[in-house]
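Undergrad: Sequences are here, hints too, so could you generate the full structure?
Chains A and B, in that order, give the protein sequences. Residue numbering for the first sequence is 67 to 471, as defined by this note's numbering. Residue numbering for the second sequence is 0 to 117, as defined by this note's numbering.
Everything labelled a hint here was simulated from the structure, so no lab data went into it. Because the structure is a prediction, the values reported are computed rather than measured. Hints are not guaranteed to be accurate.
Said to hold, decoys possible - Partner residues aside, some chain A positions facing chain B, computed with beta carbon under 7 Å:
| no. | residue |
| --- | --- |
| 1 | Gly130 |
| 2 | Glu139 |
| 3 | Gly367 |
| 4 | Pro376 |
| 5 | Arg381 |
Idealized CB from N, CA, C, for every residue including glycine.
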Amino acid sequence: MKKILEISLGIVTSVGGFLEIGSITTAAQAGSQFGYKLLWAVALGGLCIIFLVEQNGRLAAVSGHTLPGAIRERFGYNYFVFMFLILGIVSLLVLGAEIGGACIALELATGIRLQWWAIPVGLLSWLTIWKGTFSVIEKGTSLLGLVSVSFVVGAIVMHPNWSSVLHGLVPSGQSQNAAHYWFVAVSILGASISPYLYFFYSSGAVEDEWDESYLGTNRIIATIGMSFGSIISMSVLVLAFLVLAPRGLQAENYSDLALLLQDAFGHWGFILVVASIGICSLGAALEITLELAYLAAQGWGWNWSENVRPRDEARFSLTYTIVLALGTLLVLVGINPLQLTVFSMALTAATLPVSIVPFIFLMNDRHYVGENPNGIFSNIIVLSIIGLASVLAIVTIPLQLFGSK
Amino acid sequence: MELIRDCLDKQVVDPHGKPLGRVDGMVLDISEGEQPQIAFIEIGALTRLNRISSRLCRSYKTFALRLGAREIESHRIPWSKAVSTSIEVVVNEDAKQSPALGFEYWLREHVVKKIPGN
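TA: Below, the structure is given as structure tokens:
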């Protein structure tokens, strides 16, 4: 019974914590600009994150190592520093986008410009981490994030043409505006395969003291949780096509996002969208902030846990304080949150190999995963992910220059 | 034991499991005709920086001394204090007294304890 409860809570947490401003924006741009044609990118990103999350959980449960710790041991200090710098810069940009997302929701709700909300949102995030426990942060924000399931209900209520939806799951090219099409595809993949998702998951597994008895739980949570999460992203894409495209909107302004559920639920739709963007972005901001602090603490061997008092882990708590301050600063200086979101998601895709390449080594090293290494199927999937990520890295930069409007 | 695989960069903890840092470097005792022995493990920024670039290490040292830092040398723990090496290197040194955590304790006293709700 305890295991069933844990699995249910794990799935709920994964579903509620999946959506954030990156996946909402990129899916909405895809749907409003290219119809269902980019659904395959959301599905592929979802498949990748299922495998990555499962493998991170397995690594933590079997070896007791977190990913940053294992990477430093296996690949040395210099590689760890290289990875930390790359992930640090990209994650800071994504954090700025998420804080911006929460501010967008508050601007939509109150009419007060989003820059005014940057400091209150930054302070609220900091207070939540400073005073909260891991469980409160992870499960609290994710449970509230379940409001994002309203996108799925909304998509069903709007009666899409299911045969066209299924057709969109098959990858296809685009002759007109091809550069922008692939740029949006890259951004979707970057938003789906977020390193913070699997780093945070791995730290959670160690915080919750998972051992080998959790392997089944881990597999179920990763598969079902991330699948449902992807379905929410797909629903946003479907809604964007059905609601925004007919109005000639391309989800390039955040007021466009506010309309996503209007046709399905009227005024309640506006409230649900604002709540979803606000809660999910705030939850993601908390997770990214902690991910960066975990990355530093685990790599340098500091005391780290979100369950002890800040004074007992001074370096860890000061790291997340500085990270949050920097993320808040990005919104304060007036960077457009939606442009920052799309740019940071593409950059995430470009830098995926930095954290994914070490995976294939670790997940096949019996010194770490014992009798639970990757099977051939898992290896093929991981290799494909690495191949995909490498190609994305090569194509993203020119796409960023010539494809982004 | 394979030094790089089984010791370097591993988490170092005290007997109560409290982290001291990671094995940033090792000092070997090499005598002619004998197997090399680990004399000390090192924890500290200078050792880490030296692994990236000796020039960077020297610059950091000069900078830290100019700022008035007193203890910048890496902390050495005699290998004889190592109790076990599996996932972590457990050493017989109390984290509460260890110079390896000097910066952590300085930050605690001078910064974190001044922030409300710590």
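Undergrad: Each hint should be assessed against the structure and marked as holding or not.
TA: Structure-based check of each hint:
no., hint, verdict
1, Gly130, "holds (5 Å)"
2, Glu139, "holds (5 Å)"
3, Gly367, "holds (4 Å)"
4, Pro376, "holds (5 Å)"
5, Arg381, "holds (6 Å)"
In terms of the numbered hints stated before, the structure departs from none.
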